[in-house]
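A.B. asks: In case you want the letters, here they are:
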Amino acid sequence: MNEQKPAVMVDDVVKKFGRVKAVNGLSFLVQPGEFIGLVGPNGAGKSTMIKMLTGQLLPTSGTIQIAGIDLTSGADRARGLIGYVPEEPSLYEYLTAREMIEFVVRIRGKGDVDAALEIAGLGDDSNRIIQEYSQGMRRKTALAAAMVAQPPVLILDEALNGLDPPSASRVLSALQQARTKGAAIILSTHVLDTLEKVATRIIMIRGGSLLADAPVSDLDRVRGLFDD
Amino acid sequence: MLNPYREVHALLRRRQPRRMAVVWPILAAVVAMPLAKPALLGFLSLGAPGSDSAAFAAGFEAIVFRLGAVVASAMALHTYTDLVRGPDRPVLDCHPVDAGALVKALALRTARQRVYLPFIAAVLLLPVGIEGNWVAWIGGNAVVFGGWCCALAVGYAIHLLAVWSAFSPSFSAVLDLLRGPNPRMQAALIYAPGAVLFVVGVALLLASAGVSGALQGWSVGWWFLLIPPGLGVISWLCVPRLADRHYVAATALLSEVDGAWAAVDETDEAHRVYLDWLATNRPELLRALRNGWRRLRMWPMLGWLAGFVALFAGWSDDPAAGGRVVVVAGAAVLAITGIPCQLSSGDPPWLDRALGIAPSRVAVARGMVAWLYAQGVILPCVFALCVRQGFVAVYVGGMLEVLAFVGACVGSAAALTQRGRGMWMYGPAALLLWAFVAGRLG
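Chains as they are written, first to last, in the numbering used here: chain U, 3 to 230; chain X, 941 to 1382.
This is chain X alone, in the form it adopts within the complex (with noise of 0.2 Å):
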């Protein structure tokens, strides 16, 4: 018999809407891929491959590198969204579940969705190939979408241990350590993806460092390109029996999770949102604030780490820092200034015209919400760079802030107009921005 869930998706994929939006992310890295090369691939000017392999070499592991821990960041996201907090859970939890059957129909959906990320990877890299090295290109691109693949299988199996973790007694301490102001079990999934992205970025290390060692004439790397999808294959097989035991139990982890904040929004819930002091007489944003912290905290939390890395980039004396910084926390600022795009998928279609509210409030407020966020990736950054280097910061600074509130201005437009779609607008439109201001200034 055929998977029933997989029917239900092919019908649900052929109704819905969604057709060409594979399509525009991939030619958003067209048109972004000759801004984004000088910051990308400025190791191509370093001379011909062949003529000086070593110095070719290292710049195109870091770039591969760098470019498949994106696609398994994204994936390691994709995955925590599909299993755990996808459109299916809340229509099949009101019945018996064949998990086993139901995950690969998931994974399945999920990589037909976001099979265009190794694209855009590929598109970006083209220049390698253009400019006569296809051997580096073919194995850039066996690294990435070897990642992919791992990132696909291991981000679905170690969301469902994260949720045998959540129950597990002998995790419960640790999870305590971790969980911050969070339910103990929240902190299972809060960290699971970034579990995701460990693992899978340990595998991608491995194999580019593998890609790099052949070109410059060590065989035996060829074969490091099989660790991330060996690594993604063993995941796969431990999928079907993880689901049949823990796919269900997720049901009552969220429910739990959600039932524990609402235990506390009865007592000191005002105090528990972050930056909510900036609302003052402003619902919408109070609103906003509110919604960005609870359902979509990851983001916030995720632009800190960012932030966090970006100010490692920024503390040099090296000139060439601010460029650096401004490649990495405008990627990161990027991704946290779609954020409206997600906080409208989620508010009622309805509620703002019963409430009296123009959409143009709702939007600013989205909008407000993703500059605020995007501050914890900026000021680290600023902060290195105005100790190490001095005047540099302002520019850079300036900078970001502008890419800032572009992609704000963005994401709440796409928001606004698309609702929840509006990621498919923001995302290739972003792409764009981040190119041409990492190529203007990386």
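Looking at chain U on its own, in the form it has when it is part of the complex (with noise of 0.2 Å):
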């Protein structure tokens, strides 16, 4: 990747769904090694914003760069660059997890498979078909899959949820080391607790609009503006 240009570029981004406007005039830059917790209140534009930072919806105005490849028209390529984990993970229910991250890395051309369940911690679970697996077990295999080619950009929505303190902590630990190599990172949540360990900055929406863009620092102000 490109070290001068930033690791994603939100300019002006607007989506609008027949009358109702999702994101407004929404603008940010993520630099490469920085975690950016994405908060706000339920009905934000978080996911919406995810998606297209994902290339899973076209914005209707702006512009929108994972690693200086524009996403309306380089969607394809740019998801080579990026590992998502949405927030209801799909996966092939009759694979095991093994198998399903061996797939990962084929289609992506590289990754570490044991690297990967060790982030996930499935143990013998991982030889296990899918369909077994409760929704915890689910989401640590998403997110597996979505480290193992150990892209520069990773995006999680809402990506702890359902994983139990233990879980959480080897994922949160993963992902600092990701972001140490260099990866960016922007997890979506509500829990704003989690991002005082992990994030370097925190980004929060209110009615598609950007309320707060700030360091993990003024995480105290963050959360006044939430509670409001």
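Keep in mind that a hint or two might mislead.
Ranges of calculated distance between the beta carbons of each label pair, as one might list FRET restraints [unchecked claim]:
#1 X:Arg1181 / U:Gly184: 32 to 42 Å
#2 U:Asp14 / X:Asp1116: 22 to 32 Å
#3 X:Asn943 / U:Ile131: 16 to 26 Å
#4 U:Gln179 / X:Thr1021: 53 to 63 Å
#5 X:Asp1216 / U:Asn44: 36 to 46 Å
Which bits of chain U does chain X cover? Going by a derived footprint, with three or more residues having C-beta under 8 Å, they are [said to hold, decoys possible]:
#6 18-26
#7 29-43
#8 48-61
#9 82-88
#10 176-187
The hints are simulated quantities; they were obtained by calculation from the structure and are not laboratory data. Quick caveat, the model's predicted, so the values are computed rather than measured. From the three backbone atoms N, C-alpha and C, an ideal C-beta is built for every residue, glycine too.
Assembly of the complex is requested from the two constituent chains, each provided in isolation within its own frame, with the hints serving as guidance.
C.D. replies: So, in structure tokens, the structure goes:
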């Protein structure tokens, strides 16, 4: 990845569905090695923003670039640079977690299956079919699939929901490691306490508009805005 | 390197419990064949092939075209489901995709899962061969199988082109004209299966006319058999390139459509669901109607189209018109009353338990939705028969209502016991029902 370019660039992005404006002129930059907490109340536009960041939804106006690649015209190329865990991850139900991760390694062309499974912490369960997994185990499998190829941008939509504390801690530590290696991470969440330990910056949106873009040291101020 | 998507599909196929599923529809066709013979192959009684070759060839051409069109319709819908709304898309949306390789794997899976369709047609045409004209039987099967191949390839090509047209500014005026109450981009997807059927239908028309001509001695007609597979090959050559350009964009298209509906829901949702006024104090019926209208809208709309076709079939003083209506409208009614299986496949299994709604109430609601949607087929043709033939309309209408009721009950029972896999039980049962009714009244 070219070091001159930000990992993620969002410039005056608007998303409308009919008369409803889900995102209203949002702009921010994410540099390599940054860990962004994207926060906001329910219906703030976080998921719409995440979908646009992963190329699953096109902005009505404005520009989104991933490492300099415009998502509107190059969504398929940009996907190779993004590891993404949606709020409700979909996996092949009749594969085992190991087979799922092996498949992702094949289509991404690189990755260490065992290291990814270690992050997931599934142990012997990685050889059971995913259909038998709990919600938490599915989420851990999806996290491992997103991180296995060490993409330069990780986008996680409420990805820690449903994880038990040891698993959440292990995943956060793996995310920190990825960040120190230069990955840019965007974690959408409404649990602000999680961000205190890991994030470098907080972006808060409400009603589709930017309410705050502050270093994590300003978390208390952001918490005040959240409570308002 | 082998295609990774094909390898995953092979692994999933080995683990999913569906091995016998493809055999059931063919076995059902074997049982249905003698029942449906009087309605489908009435031309056989006009005279032995050779003695009245023109009557035989005309009847044979008509039935081969219709069977080919039914197979092509099914393939048009299946290619839409597999390519656009299939189970692979949400999994692969998180990763980079080699769309060309993926679409090849999807096409292979669709072909494998739907290979029984031309075999059903072959079984239904079998009496033609048994009564001595094996050349015609082989020719007819070549038309249907060619149409099946053609629909598979044309289906993928046209659905990918539909994604392009949804985003193309040059199509926005046309899509606005066609979309009705739907979001503009959805119009491209709604009409794509119809476009597939139209293109393949033209090829089938030519091929079946060619076989008919060949049976009467015009040997050039055999070459017409190459039209559907030839069109299929040409389409297939374009598919990998179209996939590279438009497969990924379909996700954005679907998000756009779903988002547009969500925005509508916030304002005047209640006025936008077909027949929802019938669901007063019946929350499970309202849910089924909303799910049906928003997720499976293509089915009631196809029902209206079939009703329109049946109206023309019934708009006649010919005493045989009532029989024709039963054959055409009966098939459409039974296609629609399979909707409960599709409704159940989208409902989370835990939901009704959590809400405390008895499964039987949900099953009745799904059955009612199927029966209500079937009225779009039944009422127009009964109206036509009523105007042109009087009392016959009551008899035909009554038979179609009974068929819709039984079909809805079977569909609901299949959905209740088999959930998302209910179609594998319902499909063969519906084929038998249709063959029985068409054979008696057609």
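A.B. asks: Give a verdict on every hint.
C.D. replies: Going down the list of hints, with the structure as the test:
1. Taking 32 to 42 Å as the suggested C-beta distance range, the pair Arg1181 (chain X) and Gly184 (chain U) conforms, at roughly 35 Å.
2. For Asp14 (chain U) paired with Asp1116 (chain X), a C-beta distance near 27 Å keeps the hint of 22 to 32 Å intact.
3. The hint said 16 to 26 Å for the Cβ distance between Asn943 (chain X) and Ile131 (chain U), and at roughly 22 Å that hint holds.
4. Between Gln179 (chain U) and Thr1021 (chain X), the C-beta spacing of about 41 Å breaks the proposed range 53 to 63 Å.
5. Separation of Asp1216 (chain X) from Asn44 (chain U) is about 27 Å and departs from the stated range, judged on CB atoms against 36 to 46 Å.
6. Residues of the region 18-26 of chain U lying with their CB closer than 8 Å to a CB of chain X number 5, which satisfies the three-residue condition for coverage.
7. Given as covered by chain X, the region 29-43 of chain U fails the check, having 0 residues with a CB less than 8 Å from a CB of that chain where 3 are the minimum.
8. Counting residues of the region 48-61 of chain U whose beta carbon lies closer than 8 Å to any beta carbon of chain X gives 7, which meets the minimum of three for the stated coverage.
9. Here the region 82-88 of chain U counts 5 residues with a CB under 8 Å from a CB of chain X, which clears the bar of 3, and the coverage holds.
10. With 0 residues bearing a CB less than 8 Å from a CB of chain X, the region 176-187 of chain U misses the requirement of three and the coverage assertion fails.
Checked against the numbered hints above, the structure breaks hints 4, 5, 7, 10 and satisfies the rest.
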